[in-house]
Amino acid sequence: MEKVDVIVVGGGLAGLSCAYELTESGMTVLVLERGDFSGSKNVTGGRIYLRPILPFLPDIWKDAPFERHVTKEVFTLMGQGNSTTFEFYSDRFNEEPFPSYTILRATFDRWFADLVSARGGFVIPQKIVEDLIRENGKVIGVRTGDEEIGADCVVAADGILSFMAEKAGLRKPFQPQYMALGFKEVIQLDSKTIEDRFRLGEHEGAAQLFIGSLTKGMMGGGFLYTNRESLSLGMVIGLHSLNSKEPREEVYKLLDQFKERPEIQNLIRGGETIEYSSHLITEGGIHTMPKLYTDGMLVVGDAAGLGLNMLVTVRGMEYAVVSGVLAARTIKRAKERNDFSAPSLAEYETLLNESFILKEMKTFQHTPAVLENKRLFMRYPQVICDLFEKVIWVDENPKEAIYKTKVAELKKEFFNLQTFRDWLQFKKI
Amino acid sequence: MKITEKLALDAFKNDKETHILLDQKICQTCKERFCVYACPANLYSLNEKGEMVVEFAGCLECGTCMIACIYGSVKWKYPRSEYGVQYRFG
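Chains as they are written, first to last, in this note's numbering: chain A, 42 to 470; chain B, 25 to 114.
Everything labelled a hint here was simulated from the structure, so no lab data went into it.
All values derive from a computational prediction rather than experimental measurement.
Quick reminder that beta carbons are idealized off the backbone N, C-alpha and C, glycines included.
Certain hints may be false.
Not everything, but these chain A residues come out facing chain B in the computed CB check (under 7 Å) [what the hints assert, rightly or not]: (1) Leu98; (2) Trp102; (3) Lys103; (4) Leu145; (5) Ala147; (6) Leu283; (7) Val292.
Okay, the calculated beta carbon distance ranges per label pair [said to hold, decoys possible]: (8) B:Leu70 / A:Pro288: 16 to 24 Å; (9) A:Gly161 / B:Leu33: 34 to 42 Å; (10) A:Asp104 / B:Gln48: 30 to 38 Å; (11) B:Arg57 / A:Gln459: 28 to 36 Å; (12) A:Arg184 / B:Arg57: 12 to 20 Å; (13) A:Lys103 / B:Lys37: 31 to 39 Å; (14) A:Ile101 / B:Leu45: 40 to 48 Å; (15) B:Lys101 / A:Arg92: 35 to 43 Å; (16) B:Leu33 / A:Lys452: 49 to 57 Å; (17) B:Leu33 / A:Tyr130: 30 to 38 Å; (18) A:Tyr130 / B:Cys54: 32 to 40 Å; (19) B:Ile94 / A:Ala383: 26 to 34 Å.
No farther apart than 30 Å at their CA atoms in a straight line, the calculated lysine-lysine pairs in the DSS-like style are these [stated by the list, open to error]: (20) A:Lys286 / B:Lys40; (21) B:Lys26 / A:Lys373; (22) A:Lys286 / B:Lys55; (23) A:Lys286 / B:Lys37; (24) B:Lys40 / A:Lys300.
Next up, chain B with everything else stripped away, as it sits in the complex (with noise of 0.2 Å):
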C-alpha cells in the first residue's frame, strides 16, 4: 500500500495556505535532509530546481519535522481553526 494510499484513507480539510515554512537559506546548506526521513506522511521533497518543498496538504500534524530539522529551517504551527487532518480513530 502507496504512502499515498493511506492518506486518502484520512479525512483534511485542507487550508489554502500552508501551516509549514521553510527557510530556503537554511535548506540549501543541508546536506542530510532529516525532513525527508523523518515525515511520517513522506511530505518533503526536492522540487526541479533543487529546493526543499513541502505538500502540506497531507500533514497528519505530529510536527516531527520541525523538531528532526536541528537546522532550524522548519516553521510550523497547527492548521488554522477548522482546517487540517480530522481523525476518525485516532
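Excised from the complex, chain A in its bound form (with noise of 0.2 Å):
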C-alpha cells in the first residue's frame, strides 16, 4: 500500500484549509476531492466572516475570489401580505479588512485548491473515498475505487454527511430535528443593476434575511445575498417542522412562492436563474458534534458538525477554515512526536476548545430549543407587521388614537403568559 503523511478526505474549506497550514512542513499531503474540481460539490447562501479567519490564516485572503464585502444588513419580518424591514449600515463595514463577504464557493474552493497546490500540496480530483482502512482500530489509510492509500493521519473534511466519521463510528446517525435543508437559486444580474437596486457601492454587497410567513410556520427563512454579478436566493427549511407540517408541503414550491412575493420580484426584475442548488445545514450546535477524533483521524468543519444558527447571523465557513487549521496544527505536534494514537491527537480537542469556535457553540447551546418555536416563524413576525400596517394605513374612516388603540393591541399580544415564556427563552440566547 503506497503510504503518504496526511489524507485529507474532502477538498472544501475545511479540508484545504488544513492541506494549506500542513504544507511547507515537510509532509505529503493528499486532499482527496470526490466532485471534478474543488468546490464543484459545494453550496454555501452566503456569506463568509474574515475576521475571525485572519489570526489563524492571515495572508492568503488579498487575491481571493470573494463577490462582495457587506456593507449592508437587512433583515425583513414577512406577513402574509405584508413585511417590514429593517437595515443597518454601519461605517465599519467598510473598513479594512472588510469583516464579511458573499462568496460563490464553486469559485471560491476551485481557486483554494490552486493555491495548496502552488504549495505543493496534492489536491486530487474525482477522487471519492469509499472506505477507511482500519488495523487494530486504528485508521491507517483510505479505499478510493481500487486504490488503497496509507496514512499515518486522516482528516474527515467530506462535509455535513461526513460518511468518514460514521465508519468511524464517531457520529451518531443524524436526526431530522437537527438538520435543516438550504436550496437557493443563483440569479444572474449585471453589477449596475445590482448596485443600484440595493444601494450599494462599488464592490459593496448586502445580506439580507427573511423570517416569517414565507416558511408557513415552519421553522427556516430566506436568505438573499448580492454576488458581483448575481444574487442568491434561497431559503432554509430545519426537516422536522417540514417532515410535521400540516396540511402538508413539497419544500421545493416554497421558493418559487417566496419568489412571487412582490417584495422579491422587485429585487430580482430581469435577473435569469443560472444554477439551482441545495445542501444540508446543522442546526443542533453543540448537542450534536460528533467525537472530533479517533486513533489516526480527526473530524474538521461541516463534518465535525460546527456550525451554529444565531438567528440574524449564520455560521459556518470560518468554523470550517479554523478547525482545519488547528488540525493542521494538532498533526505537526503529533508528527514531532511520531505518535498519531487518539490521546495524541486529543490536543485538537483542546485547541478547538480555547478557539472561538467551541466557545461560540457554547454560548449558543440554547439556539435550537428556541428555533423549535414556531411563533417565532409565524406570529410575531405577523403581528408586527399587521401594527406598522395599522399605523401607517389611512382610509376614508377617522384614524383613532395610535397610542390608545395599537399599545392595547400589543399588550394583548405580547403581555401574556405564552410571550413571557417565550421571552424567557429568547433571553437564553
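Hints given; two lone chains; assemble the complex.
This is the structure:
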C-alpha cells in the first residue's frame, strides 16, 4: 500500500485549510476531492466572516475571489401580504479588513485548491473515498475505487454527511430535528443593476435575511446575498418542522412562492436563474457534534458538526477554515512526537475548545430549542407587520388615536404568559 | 419556473447505476411520504404500481431524503467519482 503522511478526505474549506497549513511542513499531504474540482459539490448561502479567520490564516485572502464585501445588513419580517424591513449600515463595514464577504463556493474553493497545489499539496479531484482502512481499530488509510492509500493521519473533511465520521464510529445517526435544508437559486444580474437596486457602492454587498410567513410556520427563513454579478436567493427549512407540517408542503415550491412576493420580484426583476442547488445545514449546535478524533483520524468543518444558527447571523465557513488549521497544527505536533494515537490527537479538541469556535457553540447552545418555537416563525413577524400596517394605513374612516388602540393591541399580543415564556427562552441566547 | 427547468440549468454527469436505493418493504408501509415533500429537486414519486421511485439523475446530493425518511428506507451514498451534479457557482 502506497503511503503518505496525511490524507484529507474532501477538498472544501476545512480540508483545504488543513492541507494549506500542512504544506511547507515537509509532510506529504493528499487531498481527495470527489467533485470534478474543489467547490463543484459545495454550496453556501452565503457569506463568510473574515475577521475570525485572520488570526489563524492571515496572509492568503488578498487575492481571494470574494464576491462583494457586505456593507448592508437587512432583516425582513414577513407577514401574509405585508412585510417590515430593518436595514443596518455601519462605517465599520467599509473598513479593511472587511468583516464579511459574499462568496460562491465553486469559484472560491477552486481558487483555494490551486493555492494549496502551488504550495506543494496534492489536490486530486474525482476521487471519492469509499471507506477507511483500519488496523486494530486505528485508521491507517483510505480506499478509493480500487486503490488503497495509507497515511499516518486521515482528516475527515467530507462535509455535513461525513460518511468517514460514521464509518469511524464517531457520530450518531442523523435526526431531522437537528438538520435543515438550504436551497437556492443563483440569479444572474449585472453589477450596475445590483448596485443601483440595493443602493450599494462599487464592490459593496448586501445580506438580507427573511423570517415569517414564507416558511408557513416552519422553522427557517429566506436569504438573499448579492454577488458580483448575481444574487443568491434561497431558503432554509428545518427538516423536523417540514416532516411534521400540516397540511403538507413540498419544500421546493416554497422558494417559488417566496419569489413571487412583490418584495422579491422587485429585487430580482430582469434577472435570469443560472443554477439551482441545495445542501444540508446542522441545526444541532454543540449537542450534535460527533467525537472529533480517534486513533489516526481527525474530523473538521461541517463533518465535525461545526455550524451555528444565531438567528441574525449564520456561521459555518469560518469554523471550517479554523478547525482545518487547528487540525493541521495538531498533526504537526503529533508528527514531532511521531504519535498519531487518539491521546496524542486529543490536542485538537483542546485547541478547538480554546478557540472562538467552541466558545460560540457553548454560548449559543440554547438556540436549537428556541428555534423550535413556531411563534417565532409565524406569529411574531405577522403581529409586527400588522401593527405597522395599522399605524400607517389611512382610509375614509377617521383614524383612531395611535397610542390608545395600538398599545392595547400590543399588550394583548405580548403581555401574556406565553410571550413571557418565549421571552425567558429568547433571553438564553 | 418549473422545478425540471431549474434542474436543467445544472450540470450533471449521470452514472448508469443509481446511488439511491429504496427499501420497498418499508415504503409500502409508509403513510407520510417524507421523501416526496423533502426532496428539493422533486425526484420522488409513486409509480403506477404504487411503488416509491426516485429519479436519481437530477439529484443535488444534499442527502435530505436519507434524513427526512425516519423509517430508514433511503440507502443513500454519494455518486461514484466523476458523476453527479457539478456546481458551477455553488
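A quick look at each hint next to the structure:
1. Leu98: With a closest approach of 21 Å, the Leu98 (chain A) hint is violated.
2. Trp102: Violated - the Cβ of Trp102 (chain A) stays beyond 7 Å from chain B, reaching only about 19 Å at its closest.
3. Lys103: Not OK, violated: Lys103 (chain A) not within 7 Å of chain B, min 22 Å.
4. Leu145: holds, 5 Å
5. Ala147: holds, 4 Å
6. Leu283: holds, 6 Å
7. Val292: With a minimum Cβ separation of about 6 Å from chain B (threshold 7 Å), the hint on Val292 (chain A) holds.
8. B:Leu70 / A:Pro288: 16 to 24 Å: holds, 18 Å
9. A:Gly161 / B:Leu33: 34 to 42 Å: holds, 37 Å
10. A:Asp104 / B:Gln48: 30 to 38 Å: Hint violated: Cβ distance 52 Å, outside 30 to 38 Å.
11. B:Arg57 / A:Gln459: 28 to 36 Å: holds, 33 Å
12. A:Arg184 / B:Arg57: 12 to 20 Å: violated, 35 Å
13. A:Lys103 / B:Lys37: 31 to 39 Å: holds, 34 Å
14. A:Ile101 / B:Leu45: 40 to 48 Å: holds, 42 Å
15. B:Lys101 / A:Arg92: 35 to 43 Å: holds, 37 Å
16. B:Leu33 / A:Lys452: 49 to 57 Å: Check passed, 50 Å falls within 49 to 57 Å.
17. B:Leu33 / A:Tyr130: 30 to 38 Å: With a Cβ separation near 34 Å, Leu33 (chain B) and Tyr130 (chain A) satisfy 30 to 38 Å, so the hint holds.
18. A:Tyr130 / B:Cys54: 32 to 40 Å: violated, 50 Å
19. B:Ile94 / A:Ala383: 26 to 34 Å: About 32 Å separates the Cβ atoms of Ile94 (chain B) and Ala383 (chain A), which means 26 to 34 Å holds.
20. A:Lys286 / B:Lys40: Roughly 35 Å separates the two Cα atoms, so the pair is violated.
21. B:Lys26 / A:Lys373: With a Cα-Cα distance of about 51 Å, the restraint between Lys26 (chain B) and Lys373 (chain A) is violated, given a limit of 30 Å.
22. A:Lys286 / B:Lys55: holds, 14 Å
23. A:Lys286 / B:Lys37: At roughly 34 Å apart (the allowed maximum being 30 Å), Lys37 (chain B) and Lys286 (chain A) break the hint.
24. B:Lys40 / A:Lys300: violated, 35 Å
Going through the hint list in order, the structure does not satisfy hints 1, 2, 3, 10, 12, 18, 20, 21, 23, 24.
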